[in-house]
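Colleague: Chain by chain, the residues run as shown.
There are 2 protein chains.
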Amino acid sequence: MHFKFPNKHSAVLISLLSLGVVSQAATNEPIQPIKAPTDINAGQAELGKKLYFDPRLSKSGYISCNSCHNLSMGGTDNITSSIGDQWQQGPINAPTVLNASLNLAQFWDGRAEDLKAQAGGPIANPKEMASNHTLAIEVLKSIPQYVVEFKQVFNSDQITIDQVTTAIAEFEKTLVTPGSRFDQWLEGDKTALNDTELAGYELFKSSGCTACHNGPAVGGSMYQKVGLIKPYQTNNPALGRFDVTGNEADKNVFKVPTLRNIELTYPYFHDGAIKTLSEAVNTMGEIQLGKTFNATENAQIVAFLKTLTGEQPQITLPILPPSNDNTPQPQPFN
Amino acid sequence: MHFKFPNKHSAVLISLLSLGVVSQAATNEPIQPIKAPTDINAGQAELGKKLYFDPRLSKSGYISCNSCHNLSMGGTDNITSSIGDQWQQGPINAPTVLNASLNLAQFWDGRAEDLKAQAGGPIANPKEMASNHTLAIEVLKSIPQYVVEFKQVFNSDQITIDQVTTAIAEFEKTLVTPGSRFDQWLEGDKTALNDTELAGYELFKSSGCTACHNGPAVGGSMYQKVGLIKPYQTNNPALGRFDVTGNEADKNVFKVPTLRNIELTYPYFHDGAIKTLSEAVNTMGEIQLGKTFNATENAQIVAFLKTLTGEQPQITLPILPPSNDNTPQPQPFN
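Which chain is which? The protein sequence lines are A and B, in order.
If you count by numbering that gives the first Met the number 0, then the first sequence holds residues 0 to 333, one letter each, in order.
If you count by numbering that gives the first Met the number 0, then the second sequence holds residues 0 to 333, one letter each, in order.
Where hints are given, some of them may not hold.
Note that the list lumps identical chains together, so a pair holds whenever it fits in one copy or between two copies.
[Stated by the list, open to error] Here are the computed lysine-lysine pairs in the DSSO-like style, where the Cα-Cα straight-line distance is at most 30 Å: (1) K150 <-> K250; (2) K34 <-> K204; (3) K189 <-> K126; (4) K204 <-> K140; (5) K140 <-> K305; (6) K150 <-> K274.
Worth flagging that the hints you see were computed from the coordinates, not collected in a lab.
For clarity, every value in this text was computed on a predicted model and none was experimentally measured.
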């Protein structure tokens, strides 16, 4: 399989090195460029891609990982909260899968330590894919081409949920988005951003946004209370880390989301209630920083945020191996 | 854009020609090889691919053409009848989009004369995507990158439903599946089928299956009554052509479905009630031909049918242009 991550930004850096102008590369910034993954197990990732797109991991035979983390749409579903089995409304906005490998933990409340731990959750969640791990494995074991491919990849006669989540996580590790205009700028191409975008970045830093939104993913590296300065008004009952730890201090503490590709991953916040970037910037200023941005400042920050859209992973749609006569039937309507 | 249809079968034919053994090529068969499409408007097809994968054409923002005609799964959803807006159960089994350009008309009852006429239906069907053409166009007009791309492709400042369905149909014309083992055999490679498969093909012809399942699509070229010899028992209320024409003689008359890629397009029949190829062969023998196939004959025909799986279209997942602040919001839950 091919993972194409054009290395234009590295090429730029090397050119600058050879010209002796490397001092222009931004080395003291709170945000670092996204790097293409280097240690991918290609066999696992290719199998994982099939599983990621395979709706037979759901009870209905209709919902796949890609249904809510749609790789045509910034790795999200672009709706307030996701649609699950029987059209149930999910409890929270689906976070993007893009660059998720850079998060300190998975889910808004960080209840899964990594991508592998996350991947098993939705399959067995009665409000999401509504299957269970026993049934999902039974389905996969009944499909001859999967049996062959699991054996090739894991060198085992068994198919286990551990292998399934390992493969899905390996595929997800490939879903990074280097090459954004902002990363080109970070790596020394000072023409990559215009004055408005640069002003937005300076404001983003000087206002304190980078206290939380920092690192390669511009987020994902810590937990923070939503409503630090002023409470965030929401009908969503999720309490963030409190739901994991039970500690009173963890109420309304959520993982800081990545801002990479934020132009693509609307609507915003854990409740998906914020529809536009402009509204998101104003609300964050108000509740997290106690700041009111004027219209010009707001537009500058929004312009900067749009430079964080990276090269989207080029995915060749997998052709799924057909079910066998004895494959458990999907149950969409009962 | 690239449409890759490896021309292995043509290469084989040319080799045979040069060896003077072209007389082995099957010229008097009732089934002809699938040809790659030649007159594709690449711009329209690339735009059409985006639209095909864009769930914003649905009211919920969740359902796209690919939801029910999934190009990972033989161009179908592999469930009895499709899931529509609010998880409504569709009235009939979703036919494959693969090679659909070869059908004499579209839908099981042929109520749409071509792919373009078909494409507008599900968008506005309250049981399917549940949008309407006015809203769908309003959504597309609000998305800057679509405005640019429609202008490039159609050289017009307007976006119309006619353009939308033209583009989707153009993309669908690319979804053909040449290169099956059966086509290799038809084109002269006598090693492409084994004895069981060949026996199955001979039986398929001698039993009368090719009276309806013929031509390049092995179907799709005529209407026929289901239950010609013996009534087909079903709970599905669809009456086929009768629902279009009102003629009593058209009751239970449906378009003969293509058998191309039939291994991938389960479950079978217009009601999706037949789960396996083996059951489909026995039922068709019984109700259409008045024949009972024994176990060996059934296995032979099934083996032949599995040689009709062609090269599946290689689709690079489109990256959809993001919505704008003024794009009408999807309404998944109200």
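Colleague: Each of the hints needs a verdict: does it hold here or not?
Modeller: Cross-check of the supplied hints:
1. For the identical chains of this complex, K150 and K250 are neighbours neither inside a copy (45 Å) nor across copies (50 Å), given an alpha-carbon limit of 30 Å.
2. Proximity of K34 to K204 under the C-alpha cut-off of 30 Å is restricted to the intra-copy arrangement: shortest distance 22 Å within a copy versus 58 Å between copies.
3. Neither within a single protomer nor between protomers do K189 and K126 lie at most 30 Å apart by alpha-carbon distance, with minima of 47 Å and 52 Å respectively.
4. For the identical chains of this complex, K204 and K140 are neighbours neither inside a copy (52 Å) nor across copies (35 Å), given an alpha-carbon limit of 30 Å.
5. For the identical chains of this complex, K140 and K305 are inter-copy neighbours only, at 21 Å across copies versus 44 Å inside a copy, given an alpha-carbon limit of 30 Å.
6. Proximity of K150 to K274 under the C-alpha cut-off of 30 Å is restricted to the inter-copy arrangement: shortest distance 27 Å between copies versus 45 Å within a copy.
Violation of the numbered hints given earlier is confined to hints 1, 3, 4; the remaining hints are satisfied by the structure.
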